[in-house]
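Generate coordinates for the entire structure from the input sequences, incorporating the hints supplied.
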Amino acid sequence: MAAVRCIDVCKTYLQGNQEIRALDHLSIEIEAGGFVCLSSPSGGGKTTLLNAIGGLDRPDSGEVWIEDQRIDTMGKSELADLRLRKIGFVFQAYNLIPVLTARENVEFVMQVQGRKAAERRERSTELLEEVGLAGLEDRRPAQMSGGQQQRVAVARAIVSRPTLVLADEPTANLDSKTSDGLMDLFEELNTKHETTFVIATHDQRVMAHVPRLVRMLDGRIVDDIEQHAA
Amino acid sequence: MNTLRVLLMLAWRNLWRNHRRTFIMLAAISVGVWAMIFMTALTQGMVNDMVNDGISALPGHVQVHHPAYRDDPNVNNLIATPDTEISARFGAAGFRQWASRVKVPAVIASEREARGVTLLGIDPDRERGLTFIVDDRVEGRFLDGVSDTGIVIGRKLANTLETDVGKRVVIMSQDPNNDIAERGFRVAGVFDANMPSFEENYVFAGKQTVQKLLKIGQRVTEIVVLGDDYRDVDGLYRKVEELVDEDVIVNRWFELDTYLGTMLRVMDGFVLVWVVVIFLALSFGLVNTLVMAVFERVREIGLMMALGMKPSSIRGQILIESMLLLVIGLAIGNVLAVASIEPLRSGIDLSIVAEGMAMMGAASVLYPQLRMEDVVLANVVVLILGFFASLSPAWRASRLEPIEAITRVD
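Chains W and F, in that order, are what the protein sequence lines are. Here the first sequence is numbered in the working numbering, starting from 1 and rising by one per residue. Here the second sequence is numbered in the working numbering, starting from 1 and rising by one per residue.
Just so you know, these hints were derived from the structure itself, not from any lab. A hint or two may mislead.
Pairwise CB distance ranges, derived in the manner of DEER restraints [to be verified]:
#	chain 1	residue 1	chain 2	residue 2	range
1	W	Ala-93	F	Phe-388	33 to 39 Å
2	F	Trp-12	W	Arg-121	17 to 23 Å
3	F	Ala-27	W	Asp-8	57 to 63 Å
All C-beta atoms, glycine included, are put in the ideal place defined by N, C-alpha and C.
This is the structure in structure tokens:
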């Protein structure tokens, strides 16, 4: 079964008086365990597509399926629940809850899921170490750099082992070394746990890294390449 | 359970994010609650005083009369049961205090003046707590017993009659045969009362002396009973009803003194109005604070929703935050109120405005009365109405679209 299926999805925004076709009859299918990179010039629709897949944005028409569930018709609570159980998010910016420490931010999703404290602690320690933030567990977002915040967000997105991770420019604020480390981590999760990754990015290094690269322009897919990275 | 813990933590931390705003709001709630409780305690103290004064001015909590007596308080409308029988029944019932009286209209005359008064034949030992007469405010002496041949009158009346302790006056009334009953008395005592009208209207004599004067044998016109709480006299009322015969009527104090009874109800209503008005003023601040808090946090609320927090949890978070604010404010307000009422327990001296207070039937020393019911009322009103006031900001927060919230540029 496909992890994600979009069928003939359209989404139009009004920007001032101008209508912007963010998604134009777009169809895409992403296999479970896939690792897909969406790339487009800004305004090309990759973030919109990512949001539609994550149930954050409702398309004007078409269908969006996550595994066997059609999500474009779901209610808000149902969608929230789906995101909680299955999807990990990394957003472009402002990712963290300001009143929570790094560790609490990472544990947040698990806590809402109702996982046990010991398990949460173990997982968050492990993940923070993995993203290179050991020792910063008790800092609040305001006390961390943009890159560090982004890494906390990444740790949070994958900590509860979602089946699907949606990341919008996850490496935007990271130096190349951390960014490589992050991609390695994604890859490892992808192969080990069969987690599906959909990443929207400008980053050439990321694009080079992924098995499948989808190029978009004006809300349409213009290129869908299976590539065999190293 | 887990979600609740997260919500509590988030609400608590968010509360202290903007210290200054939270402190200002807490100050507003505390002062508001303090004002609710403190003013209510003062009002209740005043009401309490007025009611107790009123009750001690003869009505007691429950009274028994001949059915026609209240409309026509004359000597023919006597209670049929003889006093000895009444004594036997009421004495065994274990009331806090009770008394039987002869109370009839009469004329009192000195050598210079005559006045219409109410003559009370009493048993002085039984009247403690039932009359406004306080021993240390009697010049001369109060009555010795039921067969005392002296008479005790008020200061004002003594002045009008130009008489004094030790002088003689004549009391005239009617006996049941419509014949004049009259008798000379020596003034044994002159009393001072809070209410000038009491000093003018009431004249006290021994019960048996008056019974003899009126030729009514062992009969009386009223039985008065005092219970423990003037707010709760229904039990007392039923108990008295069981004790008396069918041919009498039993009344509660607020039926006898309708002015006082109405006042008590009005004041109770006033307390509620006062509490609600203060709350309304508070609620503007509260709602404003919450709306601001939601407005400032649009983005992170969106983020939490994107991460899988349900709208209902977002709502819960805002509501919990509001409730925390209210509970802390209430706690401080309650402590303030108790702390400021406690030192005033011995009374607030209002002698500067004593005359005005006396006109209202209140004493010149005000004893604030902190009643548990009023404290509970203030707290419950704030919590319940506070909850409802918070619903709209909370609802607004939960209606945010995660994507719009996250991408909102501010």
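_Which constraints among the numbered hints does this structure fail? Numbers only, ascending._
Violated hints: none at all, because every hint is consistent with the structure.
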